[in-house]
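Work out the full structure: start from the sequences and follow the hints.
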Amino acid sequence: MMAAGQMHNRDSFLNDLAKSFGRERRRQVKKPEWTYRPQWDVLKGASQDELAEALKKQCSLIHTDVYETAASELGGLVKDLVQQYGGQSVVMWDDPRMDEFGLSSLPDELTKEQVAVHIWDSGKREENLSFSSTADIGITFSDAALAESGTVVLYNGKEKGRAVSLLPAIYFAIIPKSVIVPRMTQVAKQLHLKIEAGELVPSCVNFISGPSNSADIEMNLIVGVHGPVKAAYILVDDK
Amino acid sequence: MKVSLFVTCLIDIFQTDVGMDTVELLERLGCEVEFPEKQTCCGQPAYNSGYVDKAKDSMKHMIRVFEQADYVVTPSGSCATMLKEYPHILKDETEWEARAQALANKTYELTQFIVEVLGIEDVGAKLKGTATYHTSCHMTRLLGVKEAPLKLLSHVEGLEMKPLPHNYNCCGFGGTFSVKMTPISEQMVDEKVQSVEEAGADILIGADCGCLMNIGGRIDRKGKPIKVMHIASVLNSR
Amino acid sequence: MAMKIGDKPFKERVSDGINDAFMRGAVASAQGRFRSGRLNAAEELGNWEEWRKLGEEIRSHTIENLDYYLELLSENVIKRGGHVFFAKTAEEANEYITKVVKEKNGKKVVKSKSMVTEEINMNEALERAGCEVIESDLGEWILQVDDHDPPSHIVTPALHKNKEQIRDVFKEKLGYDKTEKPEELALFAREKLREEFLQADIGITGCNFAIAESGTISLVTNEGNARMVTTIPKTQITVMGMERIVPTWEEMEVLVSLLTRAAVGQKLTSYITALTGPRQEGEADGPEEFHLVIVDNGRSNILGTAFQSILHCIRCAACINVCPVYRHVGGHSYGSIYPGPVGAVLTPLLGGYDEYKELPYASTLCAACTEACPVKIPLHEHLLRHRQEIVEKEGKAPVFENLSMKAFSLGTASPAMYNIGSKLAPTALGFFSADDKISKGPGPLKNWTDIRDFPAPKKNRFRDLYKKRQKGGEE
Chain A
1 MMAAGQMHNR
11 DSFLNDLAKS
21 FGRERRRQVK
31 KPEWTYRPQW
41 DVLKGASQDE
51 LAEALKKQCS
61 LIHTDVYETA
71 ASELGGLVKD
81 LVQQYGGQSV
91 VMWDDPRMDE
101 FGLSSLPDEL
111 TKEQVAVHIW
121 DSGKREENLS
131 FSSTADIGIT
141 FSDAALAESG
151 TVVLYNGKEK
161 GRAVSLLPAI
171 YFAIIPKSVI
181 VPRMTQVAKQ
191 LHLKIEAGEL
201 VPSCVNFISG
211 PSNSADIEMN
221 LIVGVHGPVK
231 AAYILVDDK
Chain B
1 MKVSLFVTCL
11 IDIFQTDVGM
21 DTVELLERLG
31 CEVEFPEKQT
41 CCGQPAYNSG
51 YVDKAKDSMK
61 HMIRVFEQAD
71 YVVTPSGSCA
81 TMLKEYPHIL
91 KDETEWEARA
101 QALANKTYEL
111 TQFIVEVLGI
121 EDVGAKLKGT
131 ATYHTSCHMT
141 RLLGVKEAPL
151 KLLSHVEGLE
161 MKPLPHNYNC
171 CGFGGTFSVK
181 MTPISEQMVD
191 EKVQSVEEAG
201 ADILIGADCG
211 CLMNIGGRID
221 RKGKPIKVMH
231 IASVLNSR
Chain C
1 MAMKIGDKPF
11 KERVSDGIND
21 AFMRGAVASA
31 QGRFRSGRLN
41 AAEELGNWEE
51 WRKLGEEIRS
61 HTIENLDYYL
71 ELLSENVIKR
81 GGHVFFAKTA
91 EEANEYITKV
101 VKEKNGKKVV
111 KSKSMVTEEI
121 NMNEALERAG
131 CEVIESDLGE
141 WILQVDDHDP
151 PSHIVTPALH
161 KNKEQIRDVF
171 KEKLGYDKTE
181 KPEELALFAR
191 EKLREEFLQA
201 DIGITGCNFA
211 IAESGTISLV
221 TNEGNARMVT
231 TIPKTQITVM
241 GMERIVPTWE
251 EMEVLVSLLT
261 RAAVGQKLTS
271 YITALTGPRQ
281 EGEADGPEEF
291 HLVIVDNGRS
301 NILGTAFQSI
311 LHCIRCAACI
321 NVCPVYRHVG
331 GHSYGSIYPG
341 PVGAVLTPLL
351 GGYDEYKELP
361 YASTLCAACT
371 EACPVKIPLH
381 EHLLRHRQEI
391 VEKEGKAPVF
401 ENLSMKAFSL
411 GTASPAMYNI
421 GSKLAPTALG
431 FFSADDKISK
441 GPGPLKNWTD
451 IRDFPAPKKN
461 RFRDLYKKRQ
471 KGGEE
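Sequence lines, in order, name chains A, B and C. Going by the UniProt record's numbering, 223 is the number at position 223 of the first sequence; the sequence numbering is gapless. Going by the UniProt record's numbering, 114 is the number at position 114 of the second sequence; the sequence numbering is gapless. Going by the UniProt record's numbering, 455 is the number at position 455 of the third sequence; the sequence numbering is gapless.
Quick caveat, the hints were computed from the structure, so don't treat them as lab data. Where hints are given, some of them may not hold.
Said to hold, decoys possible - Pairwise CB distance ranges (calculated):
(1) A/E50 <-> C/N105: 49 to 57 Å
(2) A/R27 <-> B/P165: 53 to 61 Å
(3) A/K19 <-> C/E75: 15 to 23 Å
(4) C/L445 <-> B/K91: 30 to 38 Å
(5) A/N9 <-> B/E67: 53 to 61 Å
Since the structure is predicted, the reported quantities are computational estimates derived from the model, not experimental observations. Glycine is no exception: its CB is placed at the ideal position from the N, C-alpha and C atoms.
Here's what the structure looks like:
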């Protein structure tokens, strides 16, 4: 556990707020039950297959390529896609799911094809960042996925660097079909319950929906600004 | 059915024909129309300029004038909206709030009254021409009356209705805005006149005299061959 | 740049805006796209009104209990090893931020988009302390490269510029030699800024929603710059207006859904980044040190007043995107980094009526803003309320208006006076009318007749005609 940080000026600041309200400081507040809950109606009762379909449909709107495969074919597909997207260098999380999904030999196989491969090493900040910054492709698993918005959710951490999904020019997310939920609502609820149970949330949770983009120049959509310029999702049937 | 007419100050002074058309129309639809002579103005000019206290004086006067009415009907979406706002504005004056609420509850904009209360969509009007309809902001956004005028207009014999492009745009009237922020108002009304031209209509119909005076005044100034009509006059054409 | 932009008086700013044909074209076409995007997104959801009501309920509860939720937030931030500084004023905030940067010996600061850092003029404070501050949002960067041109929109700050202007700015200032194609301009920015991200010591971000229950801050972006700013530099400072907070992740989720739909019609932006504290032990990227600066800067004066709900604003710009006045005058006319309806409400509250008394009048009260607001802030009612304050509490209304409103009140509260006044109207105005139109009116009517005709009052009022008709009927 980390040492606690420092707090400055809190009491005088909050006392002033209470004064503006014309009441005492509130020390206990019970969050009400909200009158409306429309967020729970989106894709309500959809099966995993229906969720996968919804996700695919949304991806076509957000410039994201989607590939589907059975778990047994995953290794071959990822290797092919690396070549298809012209990847000369690849950075990946150091993720136990690599073994689970039969990807343990992928780094060696890519190396054989003259692709430079870097596996995230939590002890080596500079190396991780400099490799990632020039890498062609970053690959991560998705910890959850949101059907409605075509979003992958990453719980970043020690072996799961933030930079892998950010610095390379192309980003691949591997999505086990079982992690797809209707929308952000379900993930937020899960995290909320974890916090209530006293667990720590990851220091960085990313909700990523396709490649980076901008509409800052004359409202024209430009795909690819600071983050990846291309994104592809690989849906894996893991049932 | 007995109806008390709130004619609005603009119609009383400037657009008297619209007032007479409203009376004739309502009578033709079987209403007994009375005009409480002590009525003045809904108070909006003062209220919208920030003179709330002064507006309250005329509001209270209007509450008294219409206290005995069964229905208050007015050929203006904006003034109807203002009457509906009374309870909100007078919420700190308990006695007046209740009386204001009673007035608000029985107040209707003309087309709303015909469609919702009388249940009539075809008033038997005839008018030859190609027209477009200006959806005024207060009537659509605040009063929430969107369909009634279009339903009524769709049944006017001989009248071809064209959609108004960007109909959601404000015409730039805004009461005192039109004289306080004239350069901006000018751009807005020009945009509206352009939309009316794009609609390809030779008649512009509206349900608020404020908007119509603004758009019509600009159309006249620019010498455009477009006739401006209040919906009461259209519906009273035979 | 502080909240105030430009030195010209309101009328001149408006006239500059109206005469800037390119800006108006750009704004009109952007508004069209924003509008259809928002409406499509709302329609797709189906029950948009329920969503708005939920948004309103959440914002209203949170702001009503702001002291409680800020305490909870700050407690959770320090538990995770972050530092929290509560800044009553802009000066206090800048002083703290500058101190942190100096302690870290920071030379290069990269920023992601943040309105509150503009409001407190943070960049200038850091530059005075010898730091280089680099904006990394594409729009903000364009403005920064163009000698700090002020933003004209809170979501797309460079909305007033066209691609040719941007090409020329890049060419002149940075030796850019490619075309005005947006993709090429963006690629150039990507390459330039990538170097800066990798070298920066300090990252500074704004905050869309802080989550009290876990001490998390969330950032809603499309370009990925906010992720850069919070992944590479060793120190992260996040600056938030004190109202940018929600109780739990569940409310964050709802408000993000409202924000992205209302702002740009997206279901979600490309990146929603939720950061809790500095990086944890053993993690290789993310900041070693995290500071959260919570800024009041005049906001607490709004609490407990009739204007409180303006603090519910989630900065989506939906009101700006539908405002017809904004469309014609552009963002710079408002003289504030907060333009449009939200700006016309918020700016006078933060900056005072002396400087900004015209803004509440720059509206027809058409209520397009109120209708568009995803958290149901009654924006046009707040504009009215401002007018009321200006007239009744501040006594700042023009003398002529004051007199005419007195006359109005006399004339409309008493039927006898109304009778006399309305009867006199044709005589009083008759002098100016030709046929049934007035084309050169007196007094305030002159402003009307400058651009449009005015109907001459009728010799017989409606009430006179009505009376005649009734008599006729009796006969």
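Structure-based check of each hint:
no. : hint                         : result
1   : A/E50 <-> C/N105: 49 to 57 Å : 55 Å, holds
2   : A/R27 <-> B/P165: 53 to 61 Å : 56 Å, holds
3   : A/K19 <-> C/E75: 15 to 23 Å  : 21 Å, holds
4   : C/L445 <-> B/K91: 30 to 38 Å : 35 Å, holds
5   : A/N9 <-> B/E67: 53 to 61 Å   : 57 Å, holds
Violated hints for the displayed structure: none, as all numbered hints are satisfied.
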